[in-house]
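Visitor: Based on the sequences and whatever the hints tell you, model everything.
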Amino acid sequence: MKVSIDPVSTMNCENCGAPLKLERERHYLFCEYCNGLYFPKESPEGLYLLGAPSQVDCPLCRKLLVLARIGHFEVLACQQCKGLLLDMVDFLSILEYLRLKYPERRRPPQTFDSKELARELHCPHCASTMETYPYGGAGNVVLDNCLKCGILWLDYDEVSRIVQTPERVQDFVPWLDITSIRTQSEDENE
Numbered sequence: 309m310k311v312s313i314d315p316v317s318t319m320n321c322e323n324c325g326a327p328l329k330l331e332r333e334r335h336y337l338f339c340e341y342c343n344g345l346y347f348p349k350e351s352p353e354g355l356y357l358l359g360a361p362s363q364v365d366c367p368l369c370r371k372l373l374v375l376a377r378i379g380h381f382e383v384l385a386c387q388q389c390k391g392l393l394l395d396m397v398d399f400l401s402i403l404e405y406l407r408l409k410y411p412e413r414r415r416p417p418q419t420f421d422s423k424e425l426a427r428e429l430h431c432p433h434c435a436s437t438m439e440t441y442p443y444g445g446a447g448n449v450v451l452d453n454c455l456k457c458g459i460l461w462l463d464y465d466e467v468s469r470i471v472q473t474p475e476r477v478q479d480f481v482p483w484l485d486i487t488s489i490r491t492q493s494e495d496e497n498e
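Numbered according to the working numbering, the sequence shown spans residues 309 to 498.
Be a bit skeptical, because a hint or two may be false.
Claimed, not checked - Straight-line Cα separation of at most 30 angstroms, DSSO-like style, residue types lysine-lysine; simulated pairs: (1) K390 x K423; (2) K329 x K349; (3) K409 x K329; (4) K371 x K456.
Said to hold, decoys possible - For each label pair, taking beta carbons as the anchor points, the in silico distance ranges come out as: (5) P474 x C434: 33 to 41 angstroms; (6) Q388 x Y341: 27 to 35 angstroms; (7) S422 x N343: 51 to 59 angstroms; (8) C324 x A426: 43 to 51 angstroms.
Just so you know, the hints here were simulated from the structure itself, not pulled from any lab data. Glycine included, C-beta positions come from ideal geometry on N, C-alpha and C.
Guide: The following block contains the structure:
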């Protein structure tokens, strides 16, 4: 997600207290006063919070979103409600990346609260009402998107729920069990 950001991070240097500057292409923060380098730590969800404020408000709590990364994908994260705003075209690739990185999928499926479908969020780019719908894959989460702007909002823990919950497997219904079929020649030989 390429958005304009303020290169001065919301984080301060641990050595001198000065604001850190984001080196966007190198994925670290730099202190111009004492030359300190800071490498963001990865969250359990695979998120690296870079802390550079964007010009985009959180659709849920209206605080400024900050730049973050999941792998090589840029996303915007809310430091208050922990939600994520990302480009819809990156969504499936992000899930695939996280599933490869964290292959264990032991989280039991959860049901979602149907009240979530009635929630009305507004796109932080165009202010249109975002579409709200249940995600068709694993995790039983409710997604919010703006088709016009091509963005997707995920509440806190929804990415983890999708990635860590096993895919639904249809019950096997043997309409024809070929292991029990015998040919006439097999019957005659017995």
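Visitor: Hint by hint, say whether it matches the structure.
Guide: Hints, one by one, checked against the model:
1. K390 x K423: holds (20 angstroms)
2. K329 x K349: holds (16 angstroms)
3. K409 x K329: holds (29 angstroms)
4. K371 x K456: holds (22 angstroms)
5. P474 x C434: 33 to 41 angstroms: Given a distance of about 36 angstroms, which is inside 33 to 41 angstroms, the answer is holds.
6. Q388 x Y341: 27 to 35 angstroms: holds (28 angstroms)
7. S422 x N343: 51 to 59 angstroms: holds (54 angstroms)
8. C324 x A426: 43 to 51 angstroms: Since the Cβ atoms of C324 and A426 sit about 49 angstroms apart, the hinted range of 43 to 51 angstroms holds.
Violation of the numbered hints given earlier is absent; every hint is satisfied by the structure.
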